[in-house]
Structures are given as structure tokens and as C-alpha cells.
Amino acid sequence: MSVVQLLTPEGQRVSHPGYDINLSDSELRGLYRDMVLVRRVDTEATALQRQGELGLWAPCLGQEAAQVGSARAMAPNDFAFPTFREHGVTWSRGIAPLDMLAMCRGVSNGGWDPQVHRCGPYSIVIGAQVLHGVGYAMGIQFDGAEDVAVTYFGDGAMAQGDVNEAFVFAASFSAPVVFFCQNNQWAISQPRDQQSNIEIYERAAGFGFPGVQVDGNDVLAVMAVTKVALERARTGNGPTLIEAYTYRMGAHTTSDDPTRYRLAGELETWRLRDPIERLKVYLARQGIADRSFFDHIEQEGEELAEHIREGVRGMVPPRPESMFDDVYAEPHARMDEQRSKMREYLASFEDYVG
Amino acid sequence: MTEQHQQVFHLPDVGEGLTEAEIVKWLVATGDSVSVNQIIVEIETAKAVVELPCPYAGVIDALHVSEGEIVPVGSPIVTILVTAKAEDREPVLVGYGAKAEHEVRRRPRKSDGQQAAVAATATGTVTAARTKPLVRKLAKELGVQLDSVTPTGIGGVITREDVLGSSQNGHATKQPVTPAGCDDRQPVRGVQRAMADAMVRSAFTAPHVTEWVEVDVSRTLELVARLRIHVAFEGIRVTPLTIVAAAVIQAVKKYPRINSTWLETPEGADILTHHDVHLGIAADTPRGLLVPSVKSAGAMELTELARSIHTLIETARAGRSTPADLTGGTITITNIGVFGVDGGTPIINPGESAILAVGRILDRPWVVDGVVSVRPIMQLSMSFDHRVIDGALGSRALVSMANFLADPAVEMLMGPTTE
Ligand SMILES: Cc1ncc(C[n+]2csc(CCOP(=O)(O)OP(=O)(O)O)c2C)c(N)n1
Ligand SMILES: [Mg+2]
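As given, the protein sequences belong to chains S and E, one line each in that order.
All residue numbers for the first sequence refer to my numbering, where the first residue is 1 and numbers rise by one.
All residue numbers for the second sequence refer to my numbering, where the first residue is 355 and numbers rise by one.
The set of hints was computed from the structure by calculation and includes no laboratory data.
Ideal Cβ placement from N, Cα and C applies to all residues, glycine included.
One thing to keep in mind: the hints can contain errors.
Derived, one-sided and incomplete: chain S residues facing chain E with beta-carbon distance under 8 Å [unchecked claim]: (1) 30; (2) 51; (3) 257.
One chain only, chain E, in its complex shape (with noise of 0.2 Å):
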């Protein structure tokens, strides 16, 4: 004989004395049916994002918290309705103490006197308000009396949501509150909240200069298509991006300044030159702009330069990029010429120097030896912080990348000697 029965998933604490984690995502709905490990939700704490398996096998029933909401460690996110052995052990869970009846605080016997003494008062104890002081310094922010809060943590604890709940003006995380009319207002989380704070963070504090050029680049499509059909380069994707990248390392080598890091001290600042290239590529992705690099790309053959970009894409495209591909840049270049714009004034990503913004390819008219022909025409855009690069320096650095791309088989045959 089978018998159904319900089986709430709590929030576990996964790391050490974590007390709050994000719903990031569902992997499962409302009727799904479940197996024991399978992966359902991903979380995100202080410390981690972390995938969380299922602990029974059975049948979703409900999904208890949604998509970008904070919950406290302890709280039911899920429960499964489960096809079982008649027996119901409610199991301990050490991840966040015993279920909740264990969690309540212990009751110290009295002696007769006192027992008589709180006969008297009322029925419930009083005792201060069980809260965390994150929640109790919100409450306070808000002016929200915590004692008339209803509590619906665990054990009676006052949860961040209860104090929200009952703040006038509370912006409760549940739903995004919206203003009167219909206007969409969205949250702004994750990789897209992380780009804004590092546009901000770059924009207000590194000096922005912008320089462009434009640059003849019949060449460098000659290049990409005699590469292509090359041995050497068979199943690796190149691309005029393969060249532009070669020609802003080649850029480094020349003027090593560019790929730099402006540092405050406590004496006043540094600037740190760094010995290798880690190119940033810019990529359009799923989930926002990310800007994963390529390590050590100063140290590539061709080859393997164009392999590497094109992986990082893919990875980035695919989702797969790890906090550390997404680190660790040191100059970085962004295509917007896919997007079909000749140029911009990019933004430096924090902790770099300079940005190279690489315009649409597109037929111009050309004056070569004084006659107009018709040839490939690509703008470069380059930004850079002036307290690391002057203007000269810039300029100079901007026009070897053109001189690169006019001419990439030369260039690359001379190396990187300065003029």
C-alpha cells in the first residue's frame, strides 16, 4: 500500500552560519515530478551560488518563495509531494537546527511562586521580539515597532519580509512596487546590477578621454581569409576580431603604459603595469554584457589566441563563465560594429586603463593614391583614463592599432618595436 504525503524543503544554510540566501532560479514548476538529487533550484548566498539537489523523490507541490526573493535560512521553500513508505520520519536538519518545535526557546522550569506570578499576567510570556539585528536595524530605519510585527519565521522569528510588510512606505521584495499608472518597474539584480555598479564606479572615477581613427582595412580581411583556408588553422574560428586582438597586444608590447592599474594608497596612488595581457572581450550574452578574458593572452600564438577568444565567447554565451573568467582583465576590447555602429566612447572596465570599441566594416569611399576607391572602412574608439594615459600616449597607442590593422602581416612579421 502506498500513501502520499507532503514533505517540505526548508532553506539549509550551505555554507557556515549563513542566514539569508536568494531564490536565483527554478529548475522545476508546480506538477513537476522530482527524484531524489535532482537538481530543483539555484541559490545565491553571501559566499556562493549554489545549486541545491532534492531531498525526496515525488511530485512538486508547491513552490513556496519566487524568483529574486530573500529568504532566511530555515524558511519552507518547497514542498514535495511524496509517494512513500507509510513511515514519516521528520529528519533533524543540522543545516539550520531541528524543525522548528526543537527551535523554540527553552521554557526554564519555575518554582510555585512564579508559576502563580505568570498565571496572573497573561498568557503569553513576554519577552522582547525574536528578530536578527540586520531585521532589527531595518525596522529601525523604517520606524517599524518590531512588537507589532506579526512574526512568520520559524519559532516565531520577525523576518525581514514581516518588517517590510508592515512598513508604510515599505518596498516590500515580494513584487516590485509599482507607482499608480502602468509603467514597468524591474529590480535590478545580478550580472545586470553588477555591470551598473562597475559603470559607475569607472565613469566617476577615472578621467574618460576618447580618441578614434579610421582605418583601411582591406588588408586585414585578406589576412582573415587566407588564415581561414590555412592548416594550421583548421576548426579555429577567425575573424577580424582575431586580428584586432593581435593588434592591441601588439599595441601593449609597444606602450606597455595602456594596460594598466591606477591604485589608490594610503600615501596617495600607484600606477601598476602589468606584465601580462588579459584581454577582456566584451560579450553580449543572455544575461547582460559580460566581459570575460582571455589570461595570459600577450603570450599566444595566433592560433591559439583566435581558439581562446572564441571559447570565452562561447563559455559566456553559454552561461558557463566562472567569476574568475570574468575577473582579471587588464584591457579590454568591446564589437560594437555587430550591433552595426561605427563608434562610441566606451567605458573603461574598473581596474583598467583603456577600452577598445571596434566599429562595423563597412565600404567607403577612399582616396589611395590620390584617387578615390572604394574600400573596407572599420573606426576604432578608444577610451582611456588620463590619470594613467596622456593624451600623447593615447594617440600614439590608438594609431599603432590602426598601423596594425592596415597592415597585419607586416606588422606581425616586425614585432613590437617601438618607432
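Bound-form chain S, shown alone (with noise of 0.2 Å):
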């Protein structure tokens, strides 16, 4: 099967076989919308980290499409697993840009309440996400719910134990979970070609559910492709593994130099399939979208940097005890004890307000 497209880079809206996608004006408005206030925060966050406001940060740049299209399509209900790079998802599921921040500059352990949101943590053990979400889904079958899981990793992910364990207890069970690889085409250093001799879609087969290859910059074709295995997944037949091909146009972090392994040109080949350009003229061309529009989107950006420059600045670290509360649900004794024991600790030193 082919690579799922249904807006080529150019912005002309192309069909496919086997998907296709009705949105409204004010729907493909808000995707628009989404991706270019997710770059916003993305590189606003960039910038912090270069001013020694945040201790770390891994910019989603050029995977927009990816994160948005998929977490749009999920119902509100539906629950995400995201890697450290999803801030498309984290947006679409309605979590505060500054609260994606805080944990990066060391003041959250998380940064927001996951049953609000439907959406877990940052995951920064590669992989773990998986079998959280596969284990969610089988809870999911407990309940005898209509929910869907729908977990996020790399095309380096593809590669760790716990995800391939993951697929295999997700295939065993029919678990009601959809794979979101975005392969973005490296892990750290390592090239996609490296990590895989079979395209990435392709082994799903060898798990026994189907696998589908789509075009990660092209939101619309992301999105049809997603529904199709929510409903999949909702209607009782088990999981799907998406492969968005896409490109991490920045570094891996702020902690790494792509320019050591990529070459110059690789980047300039990736800036004309960039997610949003060929949103933005498919919009225009269609007459959904004018200048005013795309202006007032532009400031609605402008303004949210200066809010999340504002709002990182004046954020409060928390009391230094507080790390024990949320090692367990109830309360608990060992807990209690070693937070008394850093109180005595921290009410040793002189400049300590208790």
C-alpha cells in the first residue's frame, strides 16, 4: 500500500483509495490554528532554554502535523501517551503551554493532572509509554468501556524491548490501543536506515495487526488515517500501528548539534514539505482563509510567546518536600517519615522559613 496523502506539499488536495476526510471551513481553520500556536510555543521554549530559563527542551519542529492531526482525531474521552517531543498532543488535549514547561525548567514532576486531561506525562524512558498505554487499554476491556488508547513513540522506540512486548500483548488481547509512531527519521544520531531493514509499518504484520504508512506533514491524511483506527480499535478489533513519516527539523534537544551528523541539504529538502506551508495555501487557494486571518493567528502567537516568556519567568519552584507527596496515591508511612526527616534537615540552615 502506498503512503497515505491527501494534501501533497504543494497544498493541493489529492484522493486516496482507501481514505479520505470531510472537514469544515472552521475545522481545518482550527488545524491550522493549532499547528502554528504549537510552533510558537515550541520555539518559544527553544529560546528560553538558550537564556538559561529552562534546564531542557525537544522541539517538535516539523512534526506538527503528526502530533495535531492524530490528537484532534481522538474523542475527548480517549486517553494519550506522549513522549517528551509530543507538544502537539499536549496542546490538542487541552494542557497549558506553560504547564508543558514547567517540568523542563524543574518546578513540576509532571505538569498536569492526567484524568483531566486524558492525557499522561511526559515520558522520558523510551518506550515505557507503550506498555502504559497497552496496560490502560486492557483496563479499558475490564471496564467494558468505548475508550481508546492511543500511545506515542520514535522510530527509535521501534527498536526498545518494552514496545515490541508491548504489541505483542496489545495483539494477544486485541487491546483497544492505536500505535502512533512519528518517524521522524533519527534517533539522536541514528539514522532511520539503521534501526530498521523492513519500512516501519511493515512489522506490524509480523505481530498479526495492520500497519499503515502515512504522509506525517500532511495534518488532513494524519488525521483520516487515525479515525479510521480509533474506530478500528473502538469497535472491538484490536490495535493499529501509523507510521507518520515526518522529520524532526530541529535537534533532538536543546542539549544536541543535528549539524554533527546531518547533512546541509537534508534540512533544505525537508523545509518544502513543511506541515503547515502547505496547510496554510490550501486555505488561501480554497478562499477559507484570508490575510486577516492568517495576521491574527500570527498575533494570537505573538501574544502567547510574551504570556509564556511572563509566565516561565515568574514561576515558583516548590518547597523541596513536596517531591514525596506524589510518590504514592494514599498516604504513607515511609513517605511521611522521610519528609519529616528533610524538614528537620532543611530547618538546619539558616535561611530557612519554615
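Take the two lone chains and join them into the complex the hints point to.
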């Protein structure tokens, strides 16, 4: 099967034999707004790290369509399990940008209430959230609910034992889960072709569920493909592996220098496939959005950036002893003991205000 | 009402746990207006070259660090005069910890007895000098007593500069030390340093042999002229260098060994012969000599090869080559003819086994069919690593390149059949 594409890099709407999508004008404008604002959050966070305001940031630059398209396809009660790079997913789940940045500033252990947003915390441990997602999906089955879990991971994670074990369980139990792999061509400095001898989506066949490859820079195709996979899972037909073919345009994280291992020409090639540009061209050409709409979104982005800058600088570090609060859901004797020992220790300093 | 105040931007830790960085280049000067997130400086850390965006909008009041200086994370690097809302909040900068006062080591509360004892001894606390292991080591090497050094770092930390400054024979990094006369002494850094290291490594490990040959390039020039007007080459720059590149690639296909790497191993050594030809092209750029390579040049059509070489050189001249562009070559061409030179003894790029120097093309008297006539002549000089390539192989490879240039159209048609 060919890679699913509904919008070419030139902004041309094309059809695909297996997938289609019909969105209202305001939904289309909404997707554009999401992607532009996510990019603004992302570039602002990257700049803040360079200014010493954040310890670390993993940019999602270039992957906005894959993230927004898939997360916006989810129903409110579905549950997302993101990695550290999924700012477009968390945005789409209604999480405030400042909450995304809090962990990277070291003032929060997670940033939001997973239950409220139906979205797990950023997983730094590669592949761990895929197990969590499948476990959650099996829980949905026990509950007899109709929700679906969507787990996000990268091309590099495909080689992780956890991920493959999660595939086996999901297949064996027909768990209502969607495996959303963003193949952004790199796992830090390891290129995609050193991670698998066959296409990533083809690996699903070995586990016994369908795999589909979608143009990850085409927000419409991503949304169409994800909706089908969600429906399949929701109706008891088990998992799907979606490979969103995309590109990490920025560094792996702010600690990384991709110019040491990537050729200059590669980025230029992918710039021509930018996910936001093609939707913009389409919206403009179809008369769905005009100059004033684009300007307005631009302006909204600038205000958001300002809000983030101010907000980050004003973040108040938590009290050190609060680190014990979320280790267990219930009160716990050992934690209480450690908390009071820490208080004692802190109180031994002159400047401690209890 | 607006008021102006100064905001100091301290060098952040742009990696995870980096301790220092070199200020590579200032993109602004005192008095310049800057906007939020405008890139103002390039720094180089142990991990990367990074551009820093300005956290404040305003006017540059002072640059505290000059280019080439290495400063610890947390050092003030620039002060910006900000015209802003009256509220003045000192940001807590997690990238390198909280601001200075917060970083000062916290003092334990003392029991009454202890306090009296302290009061009796001195006002200041007697503690070991605060500095980093590397600086401690430097101090030891230079014979500097740490407790005699006045710290200037944040929170009373002794910096590298402090140690260098108080060392008698200190080679302070701030200004290159110029001996009494007026000779000019410049620190060697960046591209120049990298080139120097690479050349020393190669020249003193690989036994170099250089051979040369002269060739009549009339037919090469003819072919270049015809390709330039060929429709397939529209918009593509074809030069004699394009044909030289094709000659080298064909020679590699005939004699793969010239496209090898000498590898020291615990058991002895291996010779790694590469399947792909990643063709290095030495380029004279404003930043110095760079050798980016055309990756997988061996698999390219002539049009693609011509285009790739051109973009490669343009990218290098514009200073946009990535380190990945600049590494991974397997054999190199250096065009010294552009400087008006005939030949030379080029030094092999480390990790490679051969380098071809291409001389200028000059009309010379040349004997053709027993008659002296005027022909455009070019000299090819090739250095090779004698551990990998012996004299016979090196000579054959060089002659095959010369033969290619003597009649490129026919050689291309014939392909890499070994004689
Ligand atoms: C279990 C584990 N192993 C190794 C790492 C270090 N690490 C962080 S990101 C990464 C590569 C991930 O690549 P990919 O899955 O393609 O995701 P991407 O970063 O491209 O989004 C690795 C190896 C980790 N965080 N966790
Ligand atoms: Mg990846």
C-alpha cells in the first residue's frame, strides 16, 4: 500500500483509495491555528532554554501535523500517552503551554492532571509509555468502556524491547490501542535506515495487526488514518500501527547539535514539505482563510509567546519536601518519615523559613 | 511612564551540565538596538556551536566578554538597557541555577557556643577556596596558591581567568601575550586549529609519497565547452574540475584500494576499502581551508556530480557546511591551479589514503605526432599513503586519471575496465 496523502506539499488536495476526510472550514482553520500556535510555543521554549530559563527542551519543529492531526482525531475520553516531544499532542488535549514547560524548568514532576486531560505525563524513558498505553487499553476492556488509548513513540523506540512486548500483548488481547509512531528519520544521531531493514509500518504484520504509513506532514491524511484506527479499536478489532513519515527539523533536544551528523541539504529538502505551509496554501487557495485570518493567528502567537516568557520567569519553585507527595496515591508511612527528616534537615539552615 | 534599567544576561548552560563555553562571535555591538529573541551571539560549548537569543528588548549597554574568550557558565556576558514597565523582576535562571545570592553556599544554623567561637576568630568564614576541579588542576600546574587568588566568579568561585591572571607566567586568555618587540601573536582557533591538527596527524603518521604527471587537456576543455551548452546541463556549472572529479571516481572504480582507510587495531592494522566514494573537495573559504565531501559521488550521473560539487563549494564559502558535510570523505581533490600553481606535495586528509592536487592549465609547447604544437597542459600531483598504496598501484591510478583527462569522452564510454 502506498503512503497515505491527502494534501501534497504544494497544497494540492488529492484523493487516496483507502482514506478520505471531510472537514468543515472552521475545523480546517482550527487545525491551522493549532499547528501555528504549537510551533510558536515550541520556538519560544527553545529560545527560553537558550536564555537559561529551562533546563532542557525537545523541539517538535516539523512534526506539528503528525501530532495535531492524530490528537485532534481522538474523542474527549480517549487517552493519550505522549513522549517528551509531543507538544502538539498535549496542546490538543487542552494542556496549557506553561504546564508543558514547568517540568523542563524543574519546578514540576509532571505538569498536569492526567485524568483531567486524558493525557499522561511526558515519558522520557523511551518506550515505557507504550506499555502504559496497552495496560490502560486492557483496563478499558475490563471496564467494558468504549475509549481508546493512543500511544506515541518514535522510529528509534521501534527497536525497544518494551515496545515490542507491548505489541505482543495488544495483539493477543485485541486491546483498544493505537500505536502512533512518528518516524522523524532520526533517533538522536542514529539514522532511520539503521533501525529497521523494512519499512516501520510493515513490522505490524509480524505481530498480527495492520500497519499503515501516512505522510506525517499532511495533517488531513494523519487525521483520516487515525480516525480509522480509532474506530477499529473502539469496535473491538484491536490495535493498528500508524507510521507517520515526518522529519525532526530541529535538534534532538537543546543539548544536541544535529549539524554534526546531518548534511545541510537534508533540512532544505524537508523544508519544502513543511506541514504548516501546505495547509496555508490550501486554505488560501480555497478561500477558506484570508490574509486577516493569518495575521490574526500570527498575532495570537506573539501574545502567547509573551505570556509564556512572563509566566516561565515568574514560576515559583515548589517546596523541596513536596517531592514526597506524589510517590504514592495514598498517604504512606515511609514517605511521611522521609518528609519529616527532610524538614528537619532544611530547618538546620539559617535562611530556612518554615 | 517609562524608565530604563539594566538587565544582565548570564551565560546559560545550553547543554546539560556544561561548565563553560567560548564566545565565538558577537552579532551585536554596544549601542545596537535588540529585540526579544534576536540572535546576539554564537557560543561554542564542548558539545555544539549554539546561537543565543536575547532575552530582553532594548539597547546593548556593554559586552563583557570578547570573542575567543572561554568563560564559565553563569558569567555575565552582556548588559542590556531595557526600557520597560517599572516592575523589575529578577528571573530565576534554572539553566545555571538561581541568581548569585542564591548560589552562595547556605550556612548552617549554629548553636550559641559555636557562634561565640566564630566571633572570636574572624569575620569571614575560613573555608577551602571554591573552584572547579579543572581550575584546581590548572592552578597546580601553574604553581598558583588558590587561597591567594581573588575570586571573580559568581558566588565567590575562582575562575580559570583568576588563576591565569595571578600566575607569574600566566598565559591569560584575554589578550594574546605579545613579547617585547611588536611581532603579532594570534591564538589559533576554530577552523584553523582543526586544519592544523588534521595536518599534523596525517603528516606524522602516514608515510607520504607524491608523484606527478603532465597531461594535455585539450579534449577535456573541448568536452567542458560542449557540456556547457548541452540542454541537460542547463543551469549547472561545468568546469574542468568536474571532469577531474569524474576521473578520480573512475580511477577508484579501477583501483578501489586508493579509496581506503588505514585502521590501527589492537592486533595490528586493517585496511578498510570503501564501497562508496565520498569525494572531498578542498575549498578556500573566508573561514580558512575546508574539505567538505560529496557523499556517494561514485553513484552519481555527471550532471548530479557537477551540481553537487558546485553546491558543496558554495555552501562551504557561505559558511553553512555542517560538520557532517565536513567529515566522512574517502579521497580528496585540491584545486591549487586556481592560485596559479602547477603542482605540489599535498598532505592527505586523515582517514584517507590519497589526495590529488590539480595544477593550473597553461598553454605549453607539446610534441604531438613528432611536431611541436601549443597545447593546454595541466599537472596532476597525487600524494598517497605508502602503507596502503604501493608505488605501482599509486602510479597506475595516477596515470589512469591522466588518461581520462586526455580523452574523457572515450574514457567515460569505456567505463572502469581495468587494463
Ligand atoms: C530506555 C531509554 N533508553 C535510552 C534513552 C536515551 N534516548 C533519549 S531519546 C532517544 C532516541 C529516541 O528516538 P526516537 O524513538 O526516534 O524518538 P525521537 O527522539 O526521534 O522523537 C534515546 C536513545 C532513553 N531516554 N530511554
Ligand atoms: Mg526519531
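Hints versus structure:
{"no.": "1", "hint": "30", "result": "violated (27 Å)"}
{"no.": "2", "hint": "51", "result": "holds (4 Å)"}
{"no.": "3", "hint": "257", "result": "holds (3 Å)"}
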